[in-house]
Amino acid sequence: AFTCLILASPSIASAGWTAPVTVSGVGSSVSQTRVAGGSDGNSWVVWKREVGGFDVIQGTRVTIDGAHGSIITLSPAGQDVTDPVLVSRADGSAMVGWTNKSGTSDFMQTVAIAADGTAGSVVDRSTNGPAGQDAKDLSIALGDDGTAGASWLRYNGSIWVAQAVMVGTDGSSGTIQDMSGTEAAVGAPDIGAAPPSTVGGSYAYRVFWPQGSGTSSNVGTRQINADGTTTDVVLLFADGAACQDPFDVNVTYSSGGDLNAFWVCYRQNTDTSTGTEYYNWSAQWLRLSSGIPVTSPAVVSNASPTEPGVPYKIVGLYATQVFGGQPVVAWTHELDGGGDRMETGRVVPILPIGAAFQAWANASPDLAAAGDPVIAANSSAAAVSGYTIPGALPGQSSVSWTRFSNSSYEPFTPTGSFLYSADPGFSVASNGKSLAAFTGIDGSSVGSARVMTYTSPGIRLDPNGFNYGKVDIGESNSRFATIKSNGQTPAEVTGISISGPGAASYSLSGATSCVKTLDTNSTCQFGVKFKPGSTASQNATVTVSTEVGVRQISLTGRGLNRTRNRITVAPGSRSARKGKVVRFKVKAKNVGGVTSNSTRICVNLQKRALKLAGNRCRSLGSLPAGATRNLSYRIRVTWRARRGVRLPVTFVMRANNAVVRQVVARVWRKGN
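All residue numbers for the sequence shown refer to the numbering used here, where the first residue is 11 and numbers rise by one.
Some clues are possibly wrong.
[Said to hold, decoys possible] Distance condition first, Cα-Cα at most 35 Å in a straight line; then the derived DSBU-like pairs of lysine-lysine:
#1 K595 / K539
#2 K680 / K621
#3 K526 / K541
#4 K480 / K595
#5 K595 / K621
#6 K617 / K599
#7 K621 / K599
#8 K599 / K539
#9 K597 / K480
#10 K617 / K590
#11 K541 / K494
#12 K111 / K146
#13 K595 / K541
Source of the hints: derived by calculation from the structure; they are not laboratory data.
The task is simple: from the sequences and hints, build the whole structure.
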């Protein structure tokens with residue numbers, strides 16, 4: 011049997027989450043594992059570890075397929091640091107920051123990492139000292155123009171204030187700005203990189219923070235403009251009772267530059283059906299289109315559900331940006347009656363402009379206790395959301411997560427050579443591949459940074475069979491097959507072949523272009539042509555080899571042996587002056603498998619305008635299968651032919667045992 015093969019290099023399939031791999035190497039215990047990656051999913055994983063009696067921040071680069079590089083120490087030697095913060099741009103460049111506890115006061119430092127993995131120098135971002143004026147709660151945002159922003163809390167000797175600084179493309183700090191006022195103590199701030207509202211503009215950096223308590227509470231915001239100046243402080247609520255004791259402030263931007271800020275606050279609501287008051291912890295959402303300033307009072311929406319008379323307590327809100335997409339949010343819902351549930355939501359654009367907040371998947375079932383929600387997603391609505399379940403004693407927690415999309419929901423709890431786990435974090439590539447990082451803790455309370463990667467390729471081949479029926483011998487009939495990548499991550503097609511007893515009668519077209527990796531939900535089409543050489547039934551199989559196994563199409567067809575004539579004429583058109591002759595060459599061919607009997611060709615034309623030399627009909631007699639006859643015709647243009655009018659000349663081929671065929675040429679008079 012004949013076999014047609016189109017192959018690529020082989021690959022090994024894998025689906026779901028891989029086994030945990032330690033990326034922190036050997037050494038002392040690791041904690042505070044963090045991960046952030048670019049749009050391709052290639053990520054940095056960092057952690058805290060004691061080295062030489064000092065807590066340092068280390069890290070390594072991990073590809074979306076789980077391969078990791080060498081370990082580098084990012085923080086200064088001989089200094090205690092803690093609480094790493096890691097943020098990445100879409101191109102894979104990143105910034106790591108931490109709190110340095112070896113100064114006159116606690117202060118903030120960062121180091122930039124280029125897209126090629128080169129780490130820069132450590133830079134102080136907040137002031138070191140005076141004693142007692144510590145900084146904490148670092149937040150970092152990165153602009154696509156190469157700038158960055160950082161915010162933190164700093165104690166000024168009497169009150170906690172929010173500070174921030176813009177970082178230039180060269181890594182240097184601008185002026186450290188007091189973002190909040192001194193009328194009330196503020197909580198942990200968050201900073202977001204505000205895209206320019208005009209093409210070619212530079213990024214600005216907006217900071218939000220909670221302040222005050224009880225009915226004196228509010229949410230404040232201020233922006234460091236691209237030129238280093240600052241806007242005025244805006245307090246979002248005219249009445250502090252509207253949002254009491256706010257916390258978990260998060261600042262994000264959509265791919266279109268729209269501001270999306272989230273926080274949680276305590277609200278007293280009235281059940282309009284009964285007139286009774288009840289409390290509600292509300293996850294709130296402020297959205298402003300690109301270029302629209304923040305004003306007071308702001309128009310704020312409830313992101314979490316509000317059911318009259320039923321408290322809906324939200325804690326641990328976490329929001330993050332999505333490369334090329336809209337922000338996503340995760341929070342802990344403290345259930346009325348006890349227990350916790352991890353819930354998620356997302357911002358959904360409404361065309362032509364606008365957006366709505368939509369509840370998404372519950373990342374966990376109802377649990378006795380859980381917290382520290384985190385989420386990462388891509389612009390195709392694939393996400394991973396994780397959480398931590400506390401243990402009986404400190405250090406005995408465990409992590410779980412759920413990967414979900416519009417077509418999947420996959421809860422998962424990692425296991426391996428560890429008893430406990432903490433610090434889950436994720437990176438979701440634009441193609442759906444995902445990476446999870448966490449701290450695995452063994453029975454000796456020694457932690458290590460672990461990573462796992464997720465793939466779930468799938469392939470569908472349509473249709474599963476072609477029945478060509480009867481096709482004339484020597485003629486072709488083509489059908490088209492479609493390969494679709496229908497998994498959660500890309501799938502590789504490694505080869506396409508035809509085999510079987512009738513394979514010689516079939517051929518592939520366009521299949522080479524389908525031997526490649528197909529992104530999720532993408533398709534590739536190729537042709538399968540049947541050209542029989544006999545009347546026997548021809549059976550074969552198309553096999554599409556992929557990393558998830560083979561998919562096949564059954565082929566069947568039969569040759570049909572009958573008379574089939576074909577006629578052509580050249581040239582297709584001619585012109586001549588009156589009285590002149592034009593010539594045509596006609597080719598008659600039997601393309602079937604049986605002799606054409608009593609074959610003849612007749613010419614039809616306008617006799618007054620055109621005169622044919624010789625007989626109108628010519629007999630070819632018997633025309634054997636595959637035989638060709640060439641005939642020449644001369645036609646004179648008379649004075650009755652109108653100038654410029656294309657007159658048809660039809661050559662008709664007939665036989666006693668074949669379908670009539672014809673071809674048309676055109677003749678017209680030119681000149682006088």
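Hint check results:
no.	hint	result
1	K595 / K539	holds, 32 Å
2	K680 / K621	holds, 16 Å
3	K526 / K541	holds, 27 Å
4	K480 / K595	holds, 33 Å
5	K595 / K621	holds, 16 Å
6	K617 / K599	holds, 27 Å
7	K621 / K599	holds, 26 Å
8	K599 / K539	holds, 23 Å
9	K597 / K480	holds, 27 Å
10	K617 / K590	holds, 15 Å
11	K541 / K494	holds, 27 Å
12	K111 / K146	holds, 10 Å
13	K595 / K541	holds, 29 Å
Consistency with the previously given hints is maintained throughout, with no hint failing.
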